[in-house]
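Trainee: So the sequences go chain by chain: A and B.
Using this note's numbering, you'd call the opening residue of the first sequence number 1 and step up by one each time.
Using this note's numbering, you'd call the opening residue of the second sequence number 1001 and step up by one each time.
It should be emphasised that the hints constitute simulated quantities derived from the structure, not laboratory data.
Note that beta-carbon positions come from the ideal geometry of N, C-alpha and C, so glycine has one too.
It is possible that some hints are incorrect.
[As the list claims (entries may be wrong)] Covered, in the sense of this in silico footprint (three residues per stretch, anywhere, with C-beta under 8 Å from a C-beta of chain A), are these stretches of chain B:
(1) 1012-1021
(2) 1037-1045
(3) 1101-1109
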Amino acid sequence: MNYFEFFSLPRKLTIDVPALEKQFYSLSRKLHPDRFASKPVAEQEAALAQSSLLNDAYRTLKDPIARTQYLLTQEGVELEEQSKSATEAARASGTEKKQIVPPELLEEVFELNMQLAEMRAAKQMGEDEPELRRDLMTAKDAFDAKMLETQAELERLWADWDAAVEAEDPGLREATKDAMVALLNKRSYLRNLVRDVNEALGV
Amino acid sequence: MAYSDKVVDHYENPRNVGTLDKSSTEVGTGLVGAPECGDVMRLQIRVNPETNVIEDAKFKTFGCGSAIASSSLATEWVKGKTISEALAITNTDIVKELALPPVKIHCSVLAEDAIRAAIGDWKKKNNVAETEGAAVAAH
């Protein structure tokens, strides 16, 4: 049983989180070990298993990113493996592999990493480079803003996905799936960058 | 998880770190990334226009030891090869040479992507058809 089915939800991404929370608490009470203390061991164990499934399902579905990732894996998308098979397909056909990260973003990531390396080197020499620090701060603000943008973008894609499920539109389903994978990838880049910049700035 | 001796060697003494002139028509630049770990890899080749042999290769990688070793090895391997020979290098070759564990396979995939992206860029600059040289898979 998948997490959506567990909560009797359709396989959609826009979720009423407060309602989900309510359902979680009510099911938690029903499955509480105290209620099974006098029951046969088999029943106790079954309740325990249900309870752990409940916790996993709730934790996954309430979190926007975890929910999206979970749905994608349920839809057969292998987030990690995708890259290798795409490379192999490109080699076999002699075509260029479609990059999952937009080139402009990669350029920015590369540049920022160069600045971070400079910052770390300066730190090691016991120097503080005010100009470098300022550049990094500016970059950090830009990446923070981009992180927020991806959130809004993700919600738009949820709406597309839900519409595709409702209309049983396989074309839109596939396109939205691809777009979500690309967005999640972009987001992990941004998250890693923001972490590295914060580390280098010591904030 | 311990790195293999070969990975450590490439990590501690990376070969061919540096930059080639991006604007030169003889130079192809590949910039690729692995979002899961935040790695980013730039690999550049300089191709002899007469022989189509890759005469120089440089890289700069921000990432883990395996990513650095994979790209360092990639530059070593492409040097002296023709474009079609270089296109025959696979991520599996890199995994074998560096004895990469399964969790680091994506680093070798990234290095192959970088080679292919650099060659793709060079082809575009020199109006070579995208699929040219792909059929020659022997090496």
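Trainee: Compare the structure with each hint and give your call.
Mentor: Evaluation of the provided hints:
no.: 1; hint: 1012-1021; verdict: violated (count 0)
no.: 2; hint: 1037-1045; verdict: holds (count 4)
no.: 3; hint: 1101-1109; verdict: holds (count 3)
The structure does not agree with numbered hint 1 stated previously, though it agrees with all others.
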